[in-house]
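Visitor: Sequence:
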Amino acid sequence: MSFCALDNPPPLEFPCDYPIKIMGEASDDFHSEMLTLIRCHAPDVCDADVSLRASKGGKYVSVSIQLRAQSREQVDAIVVALREHPKVLASL
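Per the working numbering, the very first residue in the sequence shown carries number 1; after that it's consecutive.
Derived by calculation from the structure, the hints in this document are not laboratory data. Take the hints with a grain of salt, since some may be wrong.
[Said to hold, decoys possible] Distance windows between CB atoms, simulated:
1) 26 <-> 66: 17 to 25 Å
2) 46 <-> 84: 19 to 27 Å
3) 11 <-> 60: 18 to 26 Å
4) 25 <-> 72: 28 to 36 Å
5) 47 <-> 77: 31 to 39 Å
6) 56 <-> 76: 16 to 24 Å
Backbone N, C-alpha and C define an ideal beta-carbon position, used for all residues, glycine too.
Please work from the sequences and hints to get the whole structure.
Guide: In structure tokens form, the structure reads like this:
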């Protein structure tokens with residue numbers, strides 16, 4: 001079970017810029033899996049919209065993605081996909 005701070009997002013006017021941060025254990029494929037997951041719902045996300053940061057000890061990694069959200073339904077679908085992904089420890 002993972003924690004998801006996106007469960008009760010504030011009211012937004014769409015389209016809007018929507019930052020997402022995803023945390024998980026560091027692995028060779030975590031970044032690419034998260035980018036693939038987000039692109040299923042927001043295909044216009046490009047590599048320049050993504051940044052990575054490893055934890056101090058290197059055990060964990062965060063993937064930050066800046067996307068242009070088109071609707072509440074799109075954001076909700078991303079939230080559900082992140083919540084259900086077994087490698088996601090937390091998302092903001």
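Visitor: All hints are to be evaluated individually against the structure, with a verdict given for each.
Guide: Verification of the supplied hints:
no. : hint                  : in the structure
1   : 26 <-> 66: 17 to 25 Å : 21 Å, holds
2   : 46 <-> 84: 19 to 27 Å : 25 Å, holds
3   : 11 <-> 60: 18 to 26 Å : 31 Å, violated
4   : 25 <-> 72: 28 to 36 Å : 30 Å, holds
5   : 47 <-> 77: 31 to 39 Å : 22 Å, violated
6   : 56 <-> 76: 16 to 24 Å : 33 Å, violated
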